[in-house]
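Q: Residue-level listing of the chains:
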Amino acid sequence: MNVTLAAAGSASSPALSDAAMRRVFDSPVEDRLATALTTIAEAAPTRTAVARNAGTDKPTAIDYGTLAARLVDLEQQLDEARPIGVVARTDQVESLIVLTAACSRQHVPLAILADDAADSGHELDDWLSVDDTLSIPFTAAGSMPRGEFATVAPTIWVATSGTSGPPKIVDHSWESLLAAARLSSQWHSLTWLLVYDAKRWAGIQVWVQAMLTGGCVVVPASRDPDVVARAVVDRQVTVLPATPTLMRRLLTSADPAVLATCQLERITLGGEAVDGPLLDQIKKTFPNAGVSHVYATTELGEVFRVRDGLPGFPAHWLTKPLPGGARLFTRRDGELLVQLSRDTAEVATGDLVEQRGDRFEFVGRRSDVIVVGGAKVYPKRVEEVVRGVPGIAEARVHSVASPITGELVAVDVVVSPGFSPDDVRSGMLTHCRHELESHAVPRIVTFVEQIATTPAGKVPRR
Amino acid sequence: MPANLHDTIATAIRSVLSDTGRSADVIGAESLLSGDLGLDSLDLAQTIVLLERSLGVDPFRTRPADGSRPSLRTFGDLCSAYEVAAAPPDPHQP
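One line per chain: the protein sequences are A and U, in this order. Numbering follows my numbering, with no gaps: position 432 of the first sequence is 432. Numbering follows my numbering, with no gaps: position 82 of the second sequence is 82.
Honestly, the hints are just simulated from the structure, not real lab data. As the structure is a computational prediction, the values presented were derived from the model and not from experiment. A virtual CB, placed ideally from N, CA and C, is assigned to each residue, including glycine. There could be a bad hint or two in this list.
Said to hold, decoys possible - Label pairs and their calculated CB-CB ranges:
1) A:E437 <-> U:R73: 24 to 30 Å
2) U:G35 <-> A:G406: 21 to 27 Å
3) U:S34 <-> A:A118: 49 to 55 Å
4) A:L300 <-> U:S41: 38 to 44 Å
5) U:R61 <-> A:E449: 25 to 31 Å
6) U:V26 <-> A:G276: 45 to 51 Å
7) A:E449 <-> U:T62: 33 to 39 Å
Given these sequences and hints, build the entire structure.
A: Below, the structure written as structure tokens:
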């Protein structure tokens, strides 16, 4: 074995040798996750791969050696049972990792469906369900003839986030999942926090990225801000991918003394548009962390990444192709269009942008626009203004139907600790009247304990 | 007109006005919603949503069977619309 451990790269896991990592990246894309588990297990069997239930007194750690052993066992079973497809019936990240590694290398289609996703088309009826025991009962039904087994089109089926409608099941190629990971050495052996649902595309990308690069996935016991903050500190998390909504909740609700001891190096925001005040707040709380935001859609995958700490993206990006070859355009109404390559059609994203100086900033989703007496209101803009009021921790803007004006702007507000609704209500309305046009000022104000988020960690709009 | 319905509607109007630092001394049946009370269409829309939440009805959501649109000039007009919407169905009407 020519794999050796290099000098310690971070507090928790020493960096892996270049030779080991090269062996992973040089393997065929569908073998890559399985190769990573095996290679890292050979080099460092006791290295922690998954830390579950983090942020509590009873965390559980699973090492690479354990994952690799379970992988060998599962691949053997898949080879014998030859299912036409596998449905993952487990919430455990470590089981999802082993299933994905085994199914991709064995060319078995895999469905990882979030709890609210339904297979309404019954496309998966003949697929084999596998739970977290990772054992496959031998059954003739649904088996593929041996000759076809290795040639079936390998795909991974995942449900969409369902922010603006019921979740749809979409199939992705293994390539789009496994080849998207960042493999350069700065990404090796990091500790990742998983606040995303492990069974949705955003969450799957996090654990795949971590496993391909010898990292550790830390799964907090819940999304409670104090549990999340403690998980970051206890497990020395270095990378935190999150939606702006989850990040905002962490910053406004977790114990500031705990947040001050976090050693985050990178924060990656995605899934929703980012605003300037949130970026400023992140810089103040985590001055040593690099912050980037990712623009991705279900159809297109990741389109671009903004690293300069400012909201939106530079206006000159519209004048030339992006590094990956994609081109950006805007429609007359401000909708962002993306053309991934010269030979593909432009895709309408549904996201509206507006030029402000030398930036294009996201103003909202086309489908989120509220029309009050014929005038458009962007909920995101109203939320930014409301959140700028002292004593307000969180806000969600939505519409209510009106027989007079069609729609009216409504806001749900969470007050900061130490404030009461009476303290903030009139100040908030005055501030809104000062900052917004009259039709955009919220007319229906509801004070709530908490703003519900979707399972994908976003604010529901309708 | 039931006094409590009248009061509920007047309270809703006062709360809409106070959101923008305005007030109304007297609200009577003849008070003009726009001219006397200063309610614009957004204010009126807000009042109707507030009343839907407290009374459970929105008389303007569906038009009556004869297709007429209730007149909405005075406070009295507004109250009548809610009285009609809140009244039990007339057993003598087919």
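Q: Now tell me, hint by hint, if it's right for this structure.
A: So, going through the hints one by one against the coordinates:
| no. | hint | in the structure |
| --- | --- | --- |
| 1 | A:E437 <-> U:R73: 24 to 30 Å | holds (27 Å) |
| 2 | U:G35 <-> A:G406: 21 to 27 Å | holds (24 Å) |
| 3 | U:S34 <-> A:A118: 49 to 55 Å | holds (50 Å) |
| 4 | A:L300 <-> U:S41: 38 to 44 Å | holds (41 Å) |
| 5 | U:R61 <-> A:E449: 25 to 31 Å | holds (30 Å) |
| 6 | U:V26 <-> A:G276: 45 to 51 Å | holds (47 Å) |
| 7 | A:E449 <-> U:T62: 33 to 39 Å | holds (34 Å) |
When the structure is compared with the earlier hints, no violation turns up for any of them.
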